[in-house]
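Full structure from sequences and hints, please.
From first to last, the protein sequence lines stand for chains A, B, C, D and E. My numbering applies: residue 1 is where the first sequence begins, and numbers increase by one. My numbering applies: residue 1001 is where the second sequence begins, and numbers increase by one. My numbering applies: residue 2001 is where the third sequence begins, and numbers increase by one. My numbering applies: residue 3001 is where the fourth sequence begins, and numbers increase by one. My numbering applies: residue 4001 is where the fifth sequence begins, and numbers increase by one.
Hints may be right or wrong, so weigh each one.
[What the hints assert, rightly or not] Straight-line C-alpha distance at most 30 Å; calculated DSBU-like pairs for lysine-lysine: (1) D:K3161 x C:K2202; (2) C:K2202 x C:K2252; (3) C:K2146 x C:K2202; (4) A:K140 x B:K1098; (5) C:K2046 x C:K2131; (6) D:K3161 x C:K2146; (7) B:K1098 x A:K16; (8) C:K2146 x A:K261; (9) C:K2146 x A:K16; (10) A:K179 x B:K1315; (11) B:K1098 x A:K179; (12) C:K2146 x C:K2100; (13) D:K3161 x B:K1315; (14) C:K2131 x D:K3161; (15) C:K2100 x D:K3161; (16) A:K172 x C:K2252.
I should point out that these hints are in silico values taken from the structure, not numbers from a laboratory.
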Amino acid sequence: MPPGQPLLRVSDLTLKFGGVTALADVDMSVESGTIHAIIGPNGAGKSSLLNCMSGLYRPTSGSVALRYVADDVGRGRRDQPAASPEADIDSLDIRERALTSLPPHRVARLGVARSFQNIELFDHLTVLENMMLGRHIHMKQNVLTSMLWFGPARRQEIAHREIVEEVVDLLKLQAYRQKPVGTLAYGIQKRVELGRALALQPSLLLLDEPMAGMNAEEKEDMARYILDVHELAGVSIVLIEHDMNVVMDISNRVTVLDFGKVIGDGTPQEVMDNPRVIEAYLGAGAAS
Amino acid sequence: MAVLAVIVIILPFILDDYWLALANTALIAAIGAIGLNILVGYTGQISLGQGGFLAVGAFTSAILTDRLGMPAPVSIIGAVMLTAAIGVIVGLPALRLKGLYLAIATLASQMVILFIVRRWEFLTEGQGFLDVARLEVFGFRLDRANFEQQWYMILLVLAILAALTATNLFRTGVGRSFMAVRDQDIAASAMGVNLTRAKLTAFAVSNGYVGLAGALMAHYTEILSWEKFTLDVSILYLAMIIVGGMGSVAGAVYGAVFITLLPVLVREVADVVGGAVPIIRDQLPAVEHGVFGLTIIVFLIFEPRGLNRIWERIKDWFGYWPFRY
Amino acid sequence: MTAAPEAAPGAGPPAAAPSLLSINNIEVIYDEVILVLRGLSLEVPKGQIVALLGSNGAGKSTTLKAASGLLPSEQGEVTSGSISFAGEDITKMDAPERVKRGLSLCMEGRHVFPHLTVSDNLLAGGYTKAKEAGETLDFVYEFFPKLADMRARTAGFLSGGEQQMLAIGRALMSQPTLLMLDEPSLGLAPLLVEEIFATIAKLNADTGLTVLVIEQNARTALSVAHHGYIMEQGRIMLEDEADALADNPDVKEFYLGVGGDAGKRSYRDVKHYRRRKRWL
Amino acid sequence: MSTFVTLLVIGLSEGAILALAALGFVLIYKATGVINFAQGEFLLIGAYSFYTAFVVMQLPIVLALLVGVLVAVVVGVVVERFILRPMVGQSHISIIMVTIGLASVLSALVQMFYGTQPRSMPPILPRGSVSILGGTVPVNRLWAIVICAVVLGLLTWFFQKSRHGVAMRAVADDQQAAMTVGISVRRVFAMSWALAAISALIAGVTLADITTVEMNIVNFGLLVFPVVIMGGLDSVPGTIVGGLTIGLVTQFVSGYMDPGLAEIVPYLVLVLVLLVRPYGVFGEKRIERV
Amino acid sequence: GGGGAASADSDEPIPIGVIADLSGATGDVGTPYNEGMLAYVEQLNADGGINGREIDAMSNDYAYEVPQAEELYRRYLSDEAVAIQGWGTGDTEALRTRVANDELPFMSGSFSEELTDVEESPYNFLVAATYSDQMRAALNWIAEESGGEAGVAALHHDSPFGTSPVGDGEAWIDEQGLDIDFTSHAMPAGTTNFAGILSQVDSAGAEYIIIQNVASPAAQLARDLKAQGGDQTIVCLNWCGNELFATGAGDAAEGHVMVQPIAPITTERPGHEAILAYADENGMDPADIQVSFVQGWYAMHIMAEGIRHTLDAGEDLTGPAIRESLETMGPIDTGGVIGEGTVEFSADSHRGSTTTGLYEVKDGELAVIEEAVSP
Ligand SMILES: Nc1ncnc2c1ncn2[C@@H]1O[C@H](COP(=O)(O)OP(=O)(O)OP(=O)(O)O)[C@@H](O)[C@H]1O
Ligand SMILES: Nc1ncnc2c1ncn2[C@@H]1O[C@H](COP(=O)(O)OP(=O)(O)OP(=O)(O)O)[C@@H](O)[C@H]1O
Ligand SMILES: [Mg+2]
Ligand SMILES: [Mg+2]
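Structure below.
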């Protein structure tokens, strides 16, 4: 999807858990090629919104629709660079798909990858295996050839391993390739999780508090990785983050949630100046 | 490695029939345990239904051969496929169940399958057991004198194939998706793993091996009755993978051999010390049972990763010998 | 920052205040091999708020676990040194005993009881002081009116911030004299972080509660604390009054990081930035 | 009608005993997260220890019961201390398997010392039959219902309402956090195992009195699984409803349909329930947030 | 065989494998049966064995599990046993093809009619009336006792052992034109009450309950029957028709009937004397000698006689030789204990006897109703 095009549209999204309304009529739109931050107080529904986007939660009503270029998806051809901005949009076969009716694995197949608020890695697998799972949607799953190993199964493993290695290089994870992720330090695990999502070569990356629990130094590193991913791989990113400094610095657009409702939307500066946002989220201290 | 291979190959020429029969039983168990480990150890879906699945494989193959006159290899393949299919049916509830709920659902399948095996007169023609004709492969009929040796060769080849194919499976995406489901199913689905498909595939693949083990059991023991497939058998197989090492193909093999030989070992010991402690000899089945339980406990407490881990440590030690570390 | 309450830093000379918790030169080893604390000493004077800062993996949480007796549950062990609380040696005491004596820990990552309701969580918190649980409960609800609104909800379904409040409220239920907080702002919105620290300061001012708090968010922590410690690799590297620490150039560089102050560097400008010098 | 009443009362009594045995299981599960496959063997140990005190040592019944309780507590605490405590932090499967191993060991011990032959015991509950609505009903069955109801009530109150009950549930959720609020995790663990063993003792002795003291008690114990799963693993009321349902359904199927089918009917009912409600009738869905 | 135990002029002990149930589903009667066999061997060896050669009876518990029995059988085979004493119907039937292949004479506690087909089971020998014959005798007696018309419910162990006589009983009713309404139910193993099955018996209108099962569950059923005020008469076949049933059920056993081909010790037959002498020597209370013990004793006796005949004939102790001895040696005397008193096999019948006795429980003892009944 060329930059600047609408990529993801959330309309009238409502999500209820029993008596609790986590999201109420949320409308927002993510443009291709941006880093779009979602902020808001705890319990505002940010993670829930992300979960709706990735198919983990089924909303009570409303929809999330993803637009994608037909050729980009599902054929394992995402190793080519994303369509250049100059490409003629009309010549592309752009389709739209409602994510809200899809199970999570189908959403992933459309090129939406994510990380989780509390690291959800495959603890007993190595860093490489975790990242190879990121390649899952691009691989053919054939039990019989897998059992035989020699031939197609082996060739396929090698081909995908090459792509994973690029991600390993990008995120500087070389030293940890064969380590079971469960034993790694928190910061590294966060990076592996990012890597796993990247390995999927997504067109949209959803990150839920990738810097939570990090100190200043690690945050800087993580911010750098996110920017690199955004710039080098041309991925659009939806980012939940509480640290306003990070949000201000790296995001192009910000949506603010409070009690499940959108209370602000715009450029970081616009949002910072929005009195409702200051009152509900930032507090007087941050506004000064 | 080479030494081991030589030992395994000359085994049939040095062991007598009794020990060869044990070896054969262990090889069949190894195939079944590999299957169970795929489901339990690698995919994290607990199954107490192993006994019932073995029964499906065994009776299918026996009936296809004896009543429909199919060649044994064909009926064995038929048994593998049917058992895999039954696995998928039983796996369906697994899609929504977790932990103990799943364990008990598989316990239910064990009970129901066993009930059918006991009560469905068609299976044994009302006799309560089923005779299976001597194995004949491509016109070659095993002879009585070399029965155990010939079976040993057949089973050895099949067990090695089973171990290899299972190992290969976990070098590829399919196997990885099983492990992903085990470690973190939500994340797995967010990475594009179809949980339904992965779990059902795991049930099918696992049961394929179990069906093979069941079919071999039928042809090897030449007689089938429901008592070979009780809940105790399910537990026996779980013990194999616990003792051998969960989530390890080699572990399943070690575990199968160990658990098959355990009662023999207990009996030998009982023969020796029985004079001094008569209760051990007089209550042998109880003692065997108790030792079995104790083995599980001891392994879980002291080496939860099983014989496989112990073996690795030994290899490391010798690898570094004479320098430790 | 408005969060700093009346009980401003420097309300009393720290040296004069008797020490409530004192950790003397302890060593902590996990799994019999991993040496994490290497001779750490620390004093928490009665009635003060003390902040413990340090980078990831420095051993901050381990220090609090050692003080609250949780190490054995993680195969950890204090191999040398001693810990005393209110003049009593508690080095070998088990965790529940310490709670009875007024030492309460609010763990990193909240750790509420997910299947219990909010009110059951609080009641469980008052386990050691069952008789007065009713009154304490009212007190906690007063401090956290939000919890009162959610009392019947299952804790596992609360959002992170809500859970953090619950965790602090639960810790208060045991009527501690020393409250230890492990990264209370983890994953919380700025407003809430402010709120929580304001609450901490208020508790301290109103009830004289002594607080030991670990924080990544050094700026906020130092703004309410009287005294601060900075640790690296299992040792205390620096200790001073909070104000003084906040002005220390090293602290500024490593803990206050980019952003915040005027003339800050943007996250966009940071290239792969590696720590040039360590404290050691 | 007469058959119906007989089956009803017998079904209820078995259901009540089952519920009691299952409650012990649930107690352990809720407090320690351990799935105890040896609960059937706890019934067995209960019945045989009482038998030993009452018949072999010829103690008076009250004393014999006390001995039973003592043995139950000791077994419960020892099992917790030496078998389950080292298993903290291991996977579900490992914990299930360790209790399966324990089950083998316990039943093997009983078999070694008492053999497999049934032993008869002088009656404890009154014998004889009464006629209710035209059905002949053994009196001891009625007594069994009463005893189990009382014990069930006491345990339920303890778990739901008492301070220790809340502590047990807190420990089940997060052991470290429980320690930070001053709950002694070890004490709670020991307490729940001991309570489970005591409830198994009462269930086992009641059962042994209306049948015989024999190894078969274990098979009866296996039924706690359909019971707890059906009711919902962590629900006390669910356990009671589950127990009574299984008791009654089994009895009616065996009386009106096929006694052989009755053996698997609990499992069929269970599967049906799970298809509709994967967490049992009263069970709560596990909290899974990401 | 050249040397070794099988050789005619060897003086080594004669190995016989015993597959016993001590702890399994039928252990209540399996235990005294096994003790009876071993007691006989002990006595025989003490008396100088067979022509000076002792019998080495290797006895192991298989807990009534077929796979265990197979495994034991393989061990006995590798220990060069010359004959096998088995136990249950399931395992005996399961092993018979192997036994035939390995040419090993095989007797067992199972009197299933299936095993009498000499073509199919050339090495199996049945020392007493088959379960089916016992069932027939029971049905004849019921027809007589009830004056013609009767309802009968056959309750059986849920196994080949249990179902073995059920079909034959039904066929017998047709064949003989008996006016008997026949239903059958499997008795679930490990059940805590038989209320369900009894209410089915009730609603089928049966006045007689024939039980083909071991003593303990039968006794429990009798107790349940009494507690629920049922008035049916129980007729126990072979393995529940014994003292264990009478004591296990207590006063609930009174008046029930037993079909038992082996004479209980209380009937004081000449064949019991050896057993009583043995009991006396070993400090056993004669009152503790159960009919299953007697049965085991004589099962071993018959096997020993076959071996003696083989050795007397100067032949090697091979399976075929022993088989031939048993088939050709003529009647074997049991001192009035089994059936009419003697057991005889031939090349086309391995049915050692067809007659059985009928007893009633009176004051906790087995009282004779009729002797040497043949259907
Ligand atoms: N699986 C669930 N079941 C029930 N309620 C839920 C569930 N997930 C979230 N909620 C509720 O929905 C609301 C929004 O939660 P959510 O996790 O989306 O907040 P958030 O904005 O991500 O907060 P935080 O910044 O603390 O992560 C909360 O009140 C929470 O209790
Ligand atoms: N249970 C444990 N077993 C083994 N090592 C541990 C354990 N807990 C902590 N460690 C190690 O001890 C060191 C200090 O950990 P600790 O959690 O105390 O750091 P911290 O300062 O609290 O870090 P953070 O800011 O990430 O919370 C780390 O290197 C960690 O890997
Ligand atoms: Mg969130
Ligand atoms: Mg920490």
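Verification of the hints:
Of the pairs offered as hints, the one joining K3161 of chain D and K2202 of chain C is violated, with about 34 Å between alpha carbons and a cut-off of 30 Å exceeded. Using a Cα cut-off of 30 Å, the hinted pair K2202 of chain C and K2252 of chain C holds, with the two alpha carbons roughly 26 Å apart. Using a Cα cut-off of 30 Å, the hinted pair K2146 of chain C and K2202 of chain C holds, with the two alpha carbons roughly 17 Å apart. Among the hinted pairs, K140 of chain A with K1098 of chain B is consistent with the structure: their alpha-carbon atoms are about 28 Å apart, no more than 30 Å.
Simply put, K2046 of chain C and K2131 of chain C have alpha-carbon atoms about 26 Å apart, close enough for the 30 Å limit, and the pair holds. A threshold of 30 Å between alpha carbons decides the hint, and for K3161 of chain D with K2146 of chain C the separation of about 25 Å falls inside it, so the pair holds. Between K1098 of chain B and K16 of chain A the CA atoms are separated by roughly 24 Å; this keeps the pair inside 30 Å, and the hint holds. For the proposed pair K2146 of chain C and K261 of chain A, the alpha carbon gap of about 19 Å is at most 30 Å, so the pair holds.
For the hint linking K2146 of chain C to K16 of chain A, the alpha-carbon distance of about 20 Å falls within 30 Å, and the restraint holds. Between K179 of chain A and K1315 of chain B, the direct Cα distance comes to roughly 20 Å. Compliance with the 30 Å bound is thereby established for this hinted pair. Distance hint between K1098 of chain B and K179 of chain A is fulfilled; the C-alpha atoms sit about 28 Å from each other, no more than 30 Å. Straight-line distance between C-alpha atoms of K2146 of chain C and K2100 of chain C comes to about 27 Å, which keeps the hinted pair within the 30 Å bound.
Only pairs whose Cα atoms come within 30 Å are accepted, and K3161 of chain D paired with K1315 of chain B is rejected, the gap being roughly 56 Å. Among the hinted pairs, K2131 of chain C with K3161 of chain D is consistent with the structure: their alpha-carbon atoms are about 15 Å apart, no more than 30 Å. Pair hint K2100 of chain C plus K3161 of chain D holds up; C-alpha atoms about 22 Å apart against a cutoff of 30 Å. Taking the CA atoms of K172 of chain A and K2252 of chain C, the gap is near 28 Å; set against the 30 Å cutoff, the hint holds.
Checked against the numbered hints above, the structure breaks hints 1, 13 and satisfies the rest.
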